[in-house]
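Protein chains in written order, with numbering that gives the first Met the number 0: chain A, 0 to 138; chain B, 0 to 78.
Treat the hints with care, since some could be wrong.
[Stated by the list, open to error] Straight-line distance between alpha carbons at most 30 Å, and here's what the computed BS3-like set of lysine-lysine pairs gives:
no., chain 1, residue 1, chain 2, residue 2
1, A, Lys38, A, Lys104
2, A, Lys22, A, Lys83
3, B, Lys10, A, Lys110
4, A, Lys109, B, Lys59
5, A, Lys22, B, Lys74
6, A, Lys38, B, Lys3
7, A, Lys109, A, Lys124
8, A, Lys104, B, Lys59
9, A, Lys90, A, Lys104
[Unchecked claim] Stretch-level coverage of chain A by chain B, calculated; a stretch enters the list once three of its residues show a Cβ under 8 Å from a Cβ in chain B:
no., region
10, 44-58
11, 115-123
[Said to hold, decoys possible] Derived contacts from chain A toward chain B, CB cut-off under 10 Å, selection only:
no., residue
12, Asn16
13, Ile19
14, Arg23
15, Ser81
16, Phe82
17, Asp84
18, Asp92
19, Asn101
20, Lys104
21, Asp135
Since the hints were derived computationally from the structure, they do not count as laboratory data.
Positions of the beta carbon are idealized from the N, C-alpha and C atoms, including for glycine.
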Amino acid sequence: MRKIIFEGGFHIFLIGNDIIEVKRIEESIGNFGEKYLLKLFTDKEIDYCLRFNSTFSQNFAARFAAKEAVIKILNPHNFPISFKDIELVKKADGSCFLKLHNMAKVLAGKKNIRNFSVSISHEEKYAVATVIAYKDKEC
Amino acid sequence: MEQKIREILKKHGNLTEDVENLKDDNNLYEAGLASHSSVNVMLALETEFNIEFPDEVLSKQMFASIANMKSVIEKVLNV
């Protein structure tokens, strides 16, 4: 996670990223099935990813990477955050945005984070995500 | 219970160190435990001990050591 403070100090950008091997997700789905999916992903995320018969693991992997990238920014330590509290939503135009719930939303508020931008990418072997958080001032 | 936790860590933890060489209070993240592997460990622990961890105990700290995991499992089991 990198912190960039521009001169003038009006905005602070926090950056988090993550990469994961798609096969890790496939193995977990194989080992734990639905329980694994329900622990990590919202119902909407599951519905979306399962539309893709041959690449659903890649889609889940990209979402996991996005959640991890957010967690790197929030840096929760002992603050309990469920992966399901961080939801990646796909818009009709193909772009994505992040929706935070419960403790993740609370922690983002405590850290004065106003908004997030997210970018995901995936292929056969790897999925990656980069997240930028926007803050108004240092807390 | 510690031995069951060690077996699960060996199978699902993808640690860079041999589990048998770790003490109960050694930091598992320093031993190579990654976030995604900690999810697998959590699910395997739930299956093994027939429990479900409530969200409020699922902090990074919970997976930081074998001793921490044991403590949380005992708490959930009301031991």
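Hint Ser81(A) vs chain B: min CB-CB distance below 10 Å? holds, 5 Å
8 Å C-beta criterion, at least three residues: is the region 115-123 of chain A covered by chain B: Violated: only 0 residues of the region 115-123 of chain A have a Cβ under 8 Å from chain B.
30 Å limit on alpha-carbon distance, applied to hinted pair Lys22(A) and Lys83(A): holds, 21 Å
Restraint satisfaction for Asp135(A) [CB to CB of chain B, less than 10 Å]: violated, 27 Å
Confirm or reject the coverage of the region 44-58 of chain A by chain B under the rule of 3 or more residues with a beta carbon closer than 8 Å to the chain's beta carbons. violated (count 0)
Under 10 Å, Cβ to Cβ, is where Asn16(A) needs to be relative to chain B, so tell me if that hint holds or is violated. Since the shortest Cβ distance to chain B is 13 Å, the answer is violated.
Is Lys104(A) close enough to Lys59(B), meaning Cα to Cα at most 30 Å? holds, 17 Å
Can Ile19(A) be said to touch chain B, with a Cβ gap under 10 Å? holds, 6 Å
Pair hint Lys90(A) and Lys104(A), alpha-carbon separation not exceeding 30 Å: holds, 20 Å
Proposed proximity, Lys74(B) with Lys22(A) (alpha carbon, max 30 Å): Violated, at about 33 Å.
Tell me if the interface restraint on Asn101(A) is satisfied: Cβ within less than 10 Å of some Cβ in chain B. holds, 8 Å
With a cut-off of 10 Å, does the beta carbon of Asp92(A) approach a beta carbon of chain B closely enough for the hint to hold? violated, 30 Å
In summary, the structure is inconsistent with hints 3, 5, 7, 10, 11, 12, 18, 20, 21 from the numbered list given earlier, while agreeing with the others.
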